[in-house]
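Colleague: Here are the chains, one letter per residue:
2 protein chains.
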Amino acid sequence: MGELFQARTVREARELLGGHIKTTCPVEQVQLLKALGRRLAQDLVAVDAVPGFDRSTMDGFAVRARDTFGATESLPSYLDVTGEVLMGRDAGTAGVVGVGQAWRIPTGGMLPPGADAVVMLEYTEELDDMTIGVTRPVAPGDYIVRTGEDIAPGAGVLPRGHILRPQDLGLLAAVGVDDVPVFMPARVGIISTGDELVETREQPGPGQVRDINSYALYGQAAAAGAQPCIYGIIRDDFKLLLDRLRQALAECDLVLLSGGSSVGARDVAARVLDTLGSPGVLFHGISIKPGKPTVGAVVDGKPVFGLPGHPVSAMVVFDLLVTPLLKYGFYLRDQLEFPVRARLTRNMRSAAGREDYLRVRLYQENGEVIADPVLGKSGLISTMVQADGLARIPAEKEGIEAGENIEVKLF
Amino acid sequence: MGELFQARTVREARELLGGHIKTTCPVEQVQLLKALGRRLAQDLVAVDAVPGFDRSTMDGFAVRARDTFGATESLPSYLDVTGEVLMGRDAGTAGVVGVGQAWRIPTGGMLPPGADAVVMLEYTEELDDMTIGVTRPVAPGDYIVRTGEDIAPGAGVLPRGHILRPQDLGLLAAVGVDDVPVFMPARVGIISTGDELVETREQPGPGQVRDINSYALYGQAAAAGAQPCIYGIIRDDFKLLLDRLRQALAECDLVLLSGGSSVGARDVAARVLDTLGSPGVLFHGISIKPGKPTVGAVVDGKPVFGLPGHPVSAMVVFDLLVTPLLKYGFYLRDQLEFPVRARLTRNMRSAAGREDYLRVRLYQENGEVIADPVLGKSGLISTMVQADGLARIPAEKEGIEAGENIEVKLF
Chain E
1 MGELFQARTV REARELLGGH IKTTCPVEQV QLLKALGRRL AQDLVAVDAV
51 PGFDRSTMDG FAVRARDTFG ATESLPSYLD VTGEVLMGRD AGTAGVVGVG
101 QAWRIPTGGM LPPGADAVVM LEYTEELDDM TIGVTRPVAP GDYIVRTGED
151 IAPGAGVLPR GHILRPQDLG LLAAVGVDDV PVFMPARVGI ISTGDELVET
201 REQPGPGQVR DINSYALYGQ AAAAGAQPCI YGIIRDDFKL LLDRLRQALA
251 ECDLVLLSGG SSVGARDVAA RVLDTLGSPG VLFHGISIKP GKPTVGAVVD
301 GKPVFGLPGH PVSAMVVFDL LVTPLLKYGF YLRDQLEFPV RARLTRNMRS
351 AAGREDYLRV RLYQENGEVI ADPVLGKSGL ISTMVQADGL ARIPAEKEGI
401 EAGENIEVKL F
Chain X
412 MGELFQARTV REARELLGGH IKTTCPVEQV QLLKALGRRL AQDLVAVDAV
462 PGFDRSTMDG FAVRARDTFG ATESLPSYLD VTGEVLMGRD AGTAGVVGVG
512 QAWRIPTGGM LPPGADAVVM LEYTEELDDM TIGVTRPVAP GDYIVRTGED
562 IAPGAGVLPR GHILRPQDLG LLAAVGVDDV PVFMPARVGI ISTGDELVET
612 REQPGPGQVR DINSYALYGQ AAAAGAQPCI YGIIRDDFKL LLDRLRQALA
662 ECDLVLLSGG SSVGARDVAA RVLDTLGSPG VLFHGISIKP GKPTVGAVVD
712 GKPVFGLPGH PVSAMVVFDL LVTPLLKYGF YLRDQLEFPV RARLTRNMRS
762 AAGREDYLRV RLYQENGEVI ADPVLGKSGL ISTMVQADGL ARIPAEKEGI
812 EAGENIEVKL F
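Sequences listed follow chains E and X, in order.
Quick note on my numbering: the first sequence kicks off at 1 and runs consecutively.
Quick note on my numbering: the second sequence kicks off at 412 and runs consecutively.
Calculated from the structure, these hints are not laboratory results.
Predicted model only: the values in this text are computed from it and were never measured.
The beta-carbon is built from N, C-alpha and C at its ideal position, and this holds for glycine as well.
Misleading hints may appear alongside valid ones.
Away from chain E, derived, C-beta distances all over 12 angstroms, residues of chain X [as the list claims (entries may be wrong)]:
(1) Thr434
(2) Thr435
(3) Arg466
(4) Thr468
(5) Met469
(6) Gly471
(7) Ala550
(8) Ile562
(9) Pro722
(10) Pro805
Pairs of lysine-lysine, BS3-like flavour, derived with a Cα cap of 25 angstroms [said to hold, decoys possible]:
(11) X:Lys738 x X:Lys650
(12) E:Lys409 x E:Lys327
(13) X:Lys820 x E:Lys327
(14) E:Lys397 x E:Lys327
(15) X:Lys703 x X:Lys808
(16) E:Lys327 x E:Lys289
(17) E:Lys409 x E:Lys239
(18) X:Lys700 x X:Lys738
(19) E:Lys409 x X:Lys820
(20) E:Lys327 x E:Lys292
(21) E:Lys397 x E:Lys22
(22) X:Lys738 x X:Lys788
(23) X:Lys738 x E:Lys327
(24) E:Lys34 x X:Lys445
(25) X:Lys703 x E:Lys34
(26) E:Lys292 x E:Lys377
(27) E:Lys327 x E:Lys377
(28) X:Lys808 x E:Lys409
(29) E:Lys409 x E:Lys397
(30) E:Lys292 x E:Lys397
(31) E:Lys327 x X:Lys445
Just so you have them, the derived chain X footprint on chain E, three or more residues with Cβ under 8 angstroms [said to hold, decoys possible]:
(32) 161 to 173
(33) 209 to 218
(34) 238 to 248
(35) 276 to 288
(36) 338 to 349
(37) 358 to 365
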């Protein structure tokens, strides 16, 4: 069955999946403080200007800039102090800064009418309570944040789909958005298959191992903002697997099968995936290492992945094909997926036409970032634990030599 | 008051704080699936070997390696198929792989006694049900994961203080740790000060602005794994601030004051911090931009920060001085804090002796990572929203020129 399919590149796999996935994430309103890490469900537009008034950025004096032109330390411009701006008060009702006049103003204070700049305290000398000398000229607009300079009224504040970071919470607070429309987290069903698997709390007998993938994938799904749900360990049996998969598909937005690296188990998984619905299996195998024996399917608009049984392989494929869907709802283009460039410590060979993913330890040496590969079989979860990131050897390269740069993403 | 203190470098500030902070985080047990992102409270040691038996990494035949020596496609080694390993079953009870014999074995199956290697299916030809020809030799250990090769019994699995990632959940599942001892999240009290501040849901009048910092800092604390708590907006009044700060200190492990960028407000905050307890204020000003007017204090072992009022400044200081404490409980040395090296798009000047932090947009161009500074005053939260990361100009440099590399950390 798998022989009918050619192995796909990561890009092709994404395009195939992207063309068939229909995501209709429901929306909920959450209180601003609970919105961190959530995905915005609509474009947000500012109603008011931020700040709502011209605002001083320094402690000093609000002045007419032209009254300071030519001022020097030896020949200060003398101004009459005729008022004071109080923090948080309306400075527009108590008069005007006239020609040759100055008002005291604190950092963050509202610029009074008539003034068009602020002179820093450091560049003034107080002659008496009523008179200052300005020792440096200012230009109109100096030391002021203009009305709407942070956020203009009517401006787009944050786009639909944006994942909210701490600064975004700050921005939404500034424009008065206290309830935020966000997408509900995608529900991810996780099924482990394999006659050899036992639960974490069980003691494995000879020939048995504890289920690693359910936990690692649960963690990856949660880290991507989704709501994972574990459907347990299923024996390599067509009927059992089909029933559990149908249940997971009914209850979730995306389903992961993992395990079944043996030919027999792979065949069962592939037959089940092809039985479920349309369009069914889209690809069978991706040209990466580790992670090749991956099955990608879409059933009634929902993605279903048959991930390899080896934990490292399953996690690499999750990272490449599942994480983007959970975080963004689709595959982004031109994303900076591997932002770190690090110097590789040893030669690593790869086959042309295949992307290789290396587990790497990262450290700093003389200001340079160094990537040291963690060697070991893809069945060893400990190699992922020892690593700080995942490095990529592109398909067009046959390897990367010691001392060359490699692209890395951090775990 | 501030004049008595010289501005500290980030490193000095960390050392001063680190020398006085006494952290005694309580510990709780959480179920493994809830442990993502939590900090491990003790060293964990493996009891059992993982895997608990020699395990095949391929579909094929379990053999004695020496029986395959010299095998080629034209002159295969012929072996009698005398058994089959079933997935998840004990292969140690049904006999031994004898000289000239082979057992069928699936990926993940238990190596039967007598065998010391696996021959991949691809390098065998089946002559009849009872006989195979091996067309390539294998060495002892080939295509096998040895008992304890992933995790040796008695080996340290994860160290105290480690922050649990998805792969770490997988590792703990593998060794049977279903309840994980983790530190309770640090409680962070957040107080905003300023006569100009109003709540998010209020409409600011002339001279008023909505409180941005409480929300941005709440987000940063939550992102660092802490449990933030907002203590509201306090007027610039000694008694009010002292009372609220005492309450926050009694209830939290770390307290943040933000706001009060005007000289008057700064003085109030500093006097309050010096009143609270011993040793009190440790530094007053750090030699960074933005973020200079930062007060660092420790009161009865708990850190208290007086952060600048400008949102960008407050967030930068939080990132440098608060995030490490919340994530790790102390300041790490030799950490890869700024892992991305990106080419700067324009000349950026800096003063020698001062670290400058730039907000930067990051993108990729011809395989290179490019950092484009987001210019704008530190009072503008929108500049943080437009940025993808924070770049650093070290204190010993007077700037970085267009085309040179700059160190960046991603938001």
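Colleague: Hints first: check each against the structure and report whether it holds.
Modeller: Hints versus structure:
no.	hint	result
1	Thr434	holds, 23 angstroms
2	Thr435	holds, 27 angstroms
3	Arg466	violated, 8 angstroms
4	Thr468	violated, 6 angstroms
5	Met469	violated, 9 angstroms
6	Gly471	violated, 10 angstroms
7	Ala550	holds, 15 angstroms
8	Ile562	violated, 6 angstroms
9	Pro722	violated, 6 angstroms
10	Pro805	violated, 9 angstroms
11	X:Lys738 x X:Lys650	violated, 32 angstroms
12	E:Lys409 x E:Lys327	holds, 16 angstroms
13	X:Lys820 x E:Lys327	holds, 20 angstroms
14	E:Lys397 x E:Lys327	violated, 29 angstroms
15	X:Lys703 x X:Lys808	holds, 18 angstroms
16	E:Lys327 x E:Lys289	holds, 24 angstroms
17	E:Lys409 x E:Lys239	violated, 40 angstroms
18	X:Lys700 x X:Lys738	holds, 24 angstroms
19	E:Lys409 x X:Lys820	holds, 12 angstroms
20	E:Lys327 x E:Lys292	holds, 23 angstroms
21	E:Lys397 x E:Lys22	violated, 35 angstroms
22	X:Lys738 x X:Lys788	violated, 29 angstroms
23	X:Lys738 x E:Lys327	holds, 23 angstroms
24	E:Lys34 x X:Lys445	holds, 18 angstroms
25	X:Lys703 x E:Lys34	violated, 30 angstroms
26	E:Lys292 x E:Lys377	holds, 14 angstroms
27	E:Lys327 x E:Lys377	violated, 29 angstroms
28	X:Lys808 x E:Lys409	violated, 28 angstroms
29	E:Lys409 x E:Lys397	holds, 18 angstroms
30	E:Lys292 x E:Lys397	holds, 18 angstroms
31	E:Lys327 x X:Lys445	holds, 20 angstroms
32	161 to 173	holds (count 10)
33	209 to 218	holds (count 10)
34	238 to 248	violated (count 0)
35	276 to 288	violated (count 0)
36	338 to 349	holds (count 3)
37	358 to 365	holds (count 3)
This entry does not satisfy hints 3, 4, 5, 6, 8, 9, 10, 11, 14, 17, 21, 22, 25, 27, 28, 34, 35, going by the numbered hints stated previously.
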